Amino acid sequence: MVIASSVLLGMSLQIKDAPHMRLSGSSLIPVTVSAAMLVCSIIRCAVSVAIKDKEATQTQTINHNYRRLIIAIILLIAYALVLESIGFIVSSAILLAVLALLFGLINPLKILALSLSVTLGSWLLFAKIFGSYLPSFTLF
Amino acid sequence: MENISQVVLSALSSPGQILCLFTGSLLGVIFGALPGLTAPLAMAVLLPATYTMEPQTGLGFLLGVHCGVGYGGAIPGILLKIPGTPAAVMTTLDGYPMTEKGLAGKAIGIAVVSSFIGGALSVFYLMFTAPFLSKFALKFGPHEYFAMGVCGLSITSSVIGKSWTKGFWSAGLGILLSTVGFDPLTNEPRLSYGSMRLLSGIPFIPVMIGMFGLTRVFVCLTTKQHDIKVCKQDMAGVLPTWRDLRRIIKGIVQGSIVGTIIGALPGASAAIAAFISYDIQTKISPKIDGNGIAFGEGRLEGIAAPESSNNSVSGGSLIPLLTFGIPGTSAVVVLLGAFMMYDITPGPLFFTEHRDIANSIYLSMLLANIFIFFVCLAGIKLFIKILYIPTNYLMPVILILCVIGAYGMSNDPFHIILMVIFGIVGYFFEKASIPQLPLVLGLILGKMIEENLRQVLILDDNNIFMLFMHPISATLLFFALAVFFTPIIRTTYKTFVTREGNHNGSV
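The listed protein sequences derive, respectively, from chains A and B. So in the working numbering, spot 97 of the first sequence is number 97, and the numbers just go up one at a time. Add 1000 to the 1-based position in the second sequence for the working numbering, that's all there is to it.
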């Protein structure tokens, strides 16, 4: 928190104000708020060091699988990048299939059924009934 | 009186008008329940459907959508901790803990009843107090808007839990994020670092979906399925009992008044109304109720007040529109478009030249609230079945809805990436026990606070104390300061007393 606040304060201090708007300029809120954040984080740091932070010493009883999280994040970013090229239906079907695998579904038929039904259902509801724009295949 | 009976008879003899109103209401509930799909988007998407309708039918359809969204937003918030609309964020705070205790049905029942009473009351306020409220709304300038924003932000202290430093840090980050983009006064780019997409600022819909929706998906991904337990839900009492109603009626009435007033202020949204109403409710209610439950742990008043408030905004937001022709919220902008399409000019002469349309609007809103009330109550058991869908089926569906919600706002894939970034931020906030709500509050209110504060400084020659010279802003600021510091002082005092007690005991 301290490092993040310092970086944010540094970024805010780079905002230039018009000479006639010193106190009411563009940097007023960013600098004030980031300075307050820095103070809060220093106090938090000091309190954690001075008094044992009980929240930090509680042992986690739940196992965490960060590999799945990282894969999901990469997948979502890739999805955002290719969405408008390969279209909503293809990209969402692939996304849902891989996500279903990550969430523990093993049966290929169930994965296929889930990804296709949800994708087509969403497309019907949003694109056809609600009239929202969902990108179509434009690669070639 | 004759006019109203004529309108009622004309509506009842036109089944098409009733059908369109009910269809609009149902679609509004669906839009509200889908994360990221807000009232302005719903009304904008469905506006073309009204092109061939008669004015009263078309306006009734859109008003049904407007009312329905307020009801729908609470449902995923209570069941899944993913608010459907920004206005439902406060409902989630007490609604989801009730689901964890097996009381999801009761929570939704309270939300629906409160929304209904709040929405119905706002129609009566609209009918009888529009001229007075519109004059009051005209008194709001930069001083008052700034004070109102600070008031909305002061609720941070009620929701930050034990660590106020983490809560304030989170709120500060939200306010800082709201400053990204063009400066509202000088139009200079700020903190965008040459990115064209960041010039228009960080939109709060992808942030909200990321912080609440995607964080849940990420938590489920990183946790083994058997670690996430779904509590057996009690379906016996979904309707609030008389005892429950006695407890929540104060919150509902307070929420309806706050919502109507805030709705009447141009630029203020249902989310702000919900924040302020929840804040007021935490102050006027006992800290711990008769069952030993505090706010944020499943208090009925914590659901009733914000739900009543955010639904009352639908009536209040029509006040500046009908009396001055000024749309108060984004959703009402779409409604103004519909008025123009039908060649009806809202404004000072509206009530004399279009009395029948005005009566039709009141009736449509009342009927929409009644219809949605019964539909939502009847559907509670169906909604709760969502909880029993296995996580490995439910989470991918939620994810795709989140993606559509983030993308649908402006058809920009960058918003999906924003949603992912804030999903990661929300995940780490959960791990570090940093509250997420203050960040969202700061992001929503930051722009309003900054713009108005700087206008105040320019108008009053950098003399910030002039804020206390305006009666409305002074009142709001004193209230905000009291709300802000009371929980902190209380917590610090309790910690001090406990430590003193332990020290004396050991001695």
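Calculated from the structure, these hints are not laboratory results. Any given hint could turn out to be false.
Straight-line alpha carbon distances no greater than 20 Å define the calculated EDC-like cross-link-like pairs of lysine to aspartate or glutamate that follow [as the list claims (entries may be wrong)]:
1. B:1081 with B:1297
2. B:1283 with B:1343
3. B:1287 with B:1244
4. B:1250 with B:1188
5. B:1081 with B:1100
6. B:1447 with A:84
7. A:16 with B:1451
8. B:1139 with B:1460
9. A:16 with B:1188
Quantities reported herein were computed from a predicted structural model and do not represent experimental measurements.
A quick look at each hint next to the structure:
no., hint, in the structure
1, B:1081 with B:1297, "holds, 13 Å"
2, B:1283 with B:1343, "violated, 46 Å"
3, B:1287 with B:1244, "holds, 17 Å"
4, B:1250 with B:1188, "violated, 46 Å"
5, B:1081 with B:1100, "holds, 10 Å"
6, B:1447 with A:84, "violated, 31 Å"
7, A:16 with B:1451, "holds, 17 Å"
8, B:1139 with B:1460, "holds, 17 Å"
9, A:16 with B:1188, "holds, 9 Å"
This entry does not satisfy hints 2, 4, 6, going by the numbered hints stated previously.
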